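Chains as they are written, first to last, in our numbering: chain F, 185 to 801; chain C, 1351 to 1701.
The hints are simulated quantities; they were obtained by calculation from the structure and are not laboratory data. Just so it is clear, the structure is predicted and the values come from calculations on it, not from any experiment. We put the beta carbon where it would ideally sit given N, CA and C, even for glycine. The reader is advised that the hints may include incorrect statements.
Unchecked claim - Covered, in the sense of this in silico footprint (three residues per stretch, anywhere, with C-beta under 8 Å from a C-beta of chain C), are these stretches of chain F:
no.	stretch
1	293 to 303
2	413 to 424
3	447 to 458
4	469 to 475
5	613 to 622
6	678 to 690
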Amino acid sequence: MPQPRAIASVNDFVVKFANINGSGSASANGLFARAIMRMGIPVACRNIFPSNIQGLPTWYEVRVCEAGWLGRRGGVDLMVAMNPQTWDKDVASIDPGGYLFYDSSKPLPPSKFRDDVNVIGMPITEICNKAYTDARQKQLFKNIIYVGALSSLLGLDPIEVEKLIGEEFRSKAKLIVPNVKAFLLGRDWAREHLAGVQMGLKLQRADKVKDRIFVEGNSAAALGAVYGGATVCAWYPITPSTSVAEAFMRHCAKLRTDPQTGKARYAVVQTEDELASIGVVIGAGWNGARAFTCTSGPGVSLMQEFLGLAYFAEIPSVVFDVQRGGPSTGMPTRTQQSDLLACAYASHGDTKHVLLFPEDPRECFDLGATAFDLADRLQTPVFVMMDLDIGMNDWLCEPFGWDDSRRMDRGKVMTREALEAGKEFGRYLDVDGDGIPYRTHPGTHPARGAYFTRGTSKDRYARYSEEGPIYVDNMQRLLQKFETAREIVPRPVREDAERKTQFGAIYFGSSAASMREALEALRGQGIHLDTLRVRAFPFHDDVSEFIADHGQVFVVEQNRDGQMRTLLVNECGVDPTKLISVLNYDGTPITARFITREIAEKVGVLTPVPLKKRVAR
Amino acid sequence: MTYLAKPKLHHPRLPKNALGHTRRDYEGAVSTLCAGCGHDSISAAIVQACFELDLPPHRIAKLSGIGCSSKTPTYFLGNSHGFNSVHGRMPSVLTGANLANRELVYMGVSGDGDSASIGLGQFAHSIRRAVNMVYVVMNNGVYGLTKGQFSATADKGSKSKRGAVNTDAAIDLVGMALQLGASFVARSFSGDKAQLVPLIKAAILHRGAALIDVISPCVAFNNHEGSTKSFDYVRAHNEAVNRLDFMVERTPIAVDYAPGTAREVVQHDGSTLRLRKLHDDYDPGNRIAAMTFLQERAAAGEIVTGLLYVDPQAGDLHESLNTVDQPLNALGDAELVPGAAALEGINASLR
Chain F
185 MPQPRAIASV
195 NDFVVKFANI
205 NGSGSASANG
215 LFARAIMRMG
225 IPVACRNIFP
235 SNIQGLPTWY
245 EVRVCEAGWL
255 GRRGGVDLMV
265 AMNPQTWDKD
275 VASIDPGGYL
285 FYDSSKPLPP
295 SKFRDDVNVI
305 GMPITEICNK
315 AYTDARQKQL
325 FKNIIYVGAL
335 SSLLGLDPIE
345 VEKLIGEEFR
355 SKAKLIVPNV
365 KAFLLGRDWA
375 REHLAGVQMG
385 LKLQRADKVK
395 DRIFVEGNSA
405 AALGAVYGGA
415 TVCAWYPITP
425 STSVAEAFMR
435 HCAKLRTDPQ
445 TGKARYAVVQ
455 TEDELASIGV
465 VIGAGWNGAR
475 AFTCTSGPGV
485 SLMQEFLGLA
495 YFAEIPSVVF
505 DVQRGGPSTG
515 MPTRTQQSDL
525 LACAYASHGD
535 TKHVLLFPED
545 PRECFDLGAT
555 AFDLADRLQT
565 PVFVMMDLDI
575 GMNDWLCEPF
585 GWDDSRRMDR
595 GKVMTREALE
605 AGKEFGRYLD
615 VDGDGIPYRT
625 HPGTHPARGA
635 YFTRGTSKDR
645 YARYSEEGPI
655 YVDNMQRLLQ
665 KFETAREIVP
675 RPVREDAERK
685 TQFGAIYFGS
695 SAASMREALE
705 ALRGQGIHLD
715 TLRVRAFPFH
725 DDVSEFIADH
735 GQVFVVEQNR
745 DGQMRTLLVN
755 ECGVDPTKLI
765 SVLNYDGTPI
775 TARFITREIA
785 EKVGVLTPVP
795 LKKRVAR
Chain C
1351 MTYLAKPKLH
1361 HPRLPKNALG
1371 HTRRDYEGAV
1381 STLCAGCGHD
1391 SISAAIVQAC
1401 FELDLPPHRI
1411 AKLSGIGCSS
1421 KTPTYFLGNS
1431 HGFNSVHGRM
1441 PSVLTGANLA
1451 NRELVYMGVS
1461 GDGDSASIGL
1471 GQFAHSIRRA
1481 VNMVYVVMNN
1491 GVYGLTKGQF
1501 SATADKGSKS
1511 KRGAVNTDAA
1521 IDLVGMALQL
1531 GASFVARSFS
1541 GDKAQLVPLI
1551 KAAILHRGAA
1561 LIDVISPCVA
1571 FNNHEGSTKS
1581 FDYVRAHNEA
1591 VNRLDFMVER
1601 TPIAVDYAPG
1611 TAREVVQHDG
1621 STLRLRKLHD
1631 DYDPGNRIAA
1641 MTFLQERAAA
1651 GEIVTGLLYV
1661 DPQAGDLHES
1671 LNTVDQPLNA
1681 LGDAELVPGA
1691 AALEGINASL
1701 R
């Protein structure tokens, strides 16, 4: 049989692990990725997992990319096929000339292989059965053993792996030696038996990681909540947001425990449902604590009534929405950006809410902290719009930073002293012309500043009223407040192409990494785009200006209906024909390949080639 | 309903409490409920209880859901912050408020529709979490604002004003609260101020979830013959197990009862509840016995009132969460924001 073509690439390939959920593969695969990163080579990792605890297929994709592109690439160069259930699909997904690494303990018929793929067999089960007697160890160490073999095949530095094992099990020291042994067992076996294998994928030490960190967005957002001064968290478990609350508890246990008394400077309540979660957040916000909940689409649906109350009664509250595939239960373990409209206009009646769009974990931290300042300043709900891709995957990103001179902006809170001095207090009185009134915290002053908070219509002094002009006055002030929000939310980031172009592209959130990569690919094809990364709703004036500056603007998003485009049309008063959707919504993270193809195709259609040139071709 | 504004001038010789406040200082706006509504009597009892306890009005937060009952916080404690939230969700809002500042008194006011129907879940979970609060249910078995539909506490067989008979089993919030672990459970009747005021006072000083289910006849839709929540019916079937005299340690009241008929309960803050026993076989310190007694008397068609259960040394949610003594809403940057140096350590652990 002729030898198939063999893909050759240094520090630029995709390894995909096909495993069974609950088999202990996650930590071994993570170890593999981290060790590559320790060699100074950027990696982008994605967990593709089912809504299941044990038994269903799960995949882990490691994109090795010295150039630093962190979006999902698509395609597979090396498949580590450890799951017989998905074998056929996994083998079929390998790029021609790629590699298939598998457990060869049991012989498989030739029909199970492809002749355009390089096959590397290793009798992993057999090796484990020989080396271990304990059934659990036989299973668990399989994973570390294939990491050992891969380290030999790809040139992964064993010293880095051993160091990482040491760090991982720092608190369980007796696990270090057996794990290192299993790793070396696999590595030595491969060195002895796979030396002749043709392997064109290689790792080579580089210096491209610098001081960047590797962290998941949910943990980063939770840390942002700690730094943002949140003291109350109320939540209900839901994939993919659960680890925000769990990380908040973990961070707080370390960072928010009173050193003298051992008592908590925070309160976390796992409530009975999402209605109660947002209720607790609103109660705490009303009473002057910074509070948040974390949820996903179905939770946002349940919170609608309360969100309208928070908007109308003007109560600071923060919601981390880690978006997943909708509608309904949808695809609970897949990613989407499909809650934009549900959040922007959450609740009945005329409502509008502030949304923030972090692009990676670093920004989940930054915007996570900022959300609390904005909520207090604007006295309204603020949504941090994350998604499963950023939230539940470890991303390589800039290290967290904090300015120690920064202070919480608690917004307009009238103090006891101000009340004592006789300052006029009207809960819904716009004294500064920015639509934002003053509030008082309950219990502030014995005789002044008490008011009644309600979801019913009220006048400037919080007195119940259904008089038309009074209602309209209040609703107009809320609009005025939203105008103020436009000025103080994080500004969009504009980057113009080297040469003048009529094409622009608007993108946001987790699409950013793939978008940047796509831009370079498009530039290679002679297509130049100015870009604007939107970071917040309501849209800053820069957004309308950007659209006005261009003939056509692509709007890249991860939902079916072009929800960002709808928001832009609705809120910026732009001609809808100018905005062209680029939509990926199959539940997998958007790729640069997809964006490049879509935009190139559309630009081709939009750019008429003069007849002469066409004939000349 | 009255259209007369309350007079601004108060009688100079109105009695004052230790803070120098008169009862008037604890009142709210004029009620817009129907004349004779049981809820107004409960509001008056709350005013009386807070006045007698010398509570600074601004240190009380009153929260409610939606419905006739939930309107009442406008009619008492006008110098306190109030929050009229959404239907059935007062308990979660109160829980959040309580987490933010443990130092205030939290008065949750709800109705039978608010707590037993749409808000049954929040009622149950706030109680099992032991939120430190007074949870008053103004229970009339009927939806008043939407004109007379049965609520979930209406007894099976009870007749509506239009003659319809309720075929669904009733939810007994007192029974549920006992089962859910409430540490203070009482039932009273809006027409029995002598019983209700001491109960509210005791509930305010109690630490933990204190439920008072107050049967409060609806004069407009549920005060007719055939209703089991009418004034006449409740008066005829009320079975009081005890009478409460409530004492705060600093102002001992000389009460002298015949030995053997009184039982004293000292709460965590030193306040003393003196229970005059009316029923020989009733023990308010025994949750299981209380549940049994309640069921037996209900089967016999009696509405048991009084302090049904109390655990004077109960803990609350803050104790479970081990939160700092200082209110969370009073913590500043120094206590909350770990700073750049801590972040460097975190960064290092993520490389």
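Run through the hints listed earlier and report the numbers of any the structure violates, in increasing order. 1, 5 and 6
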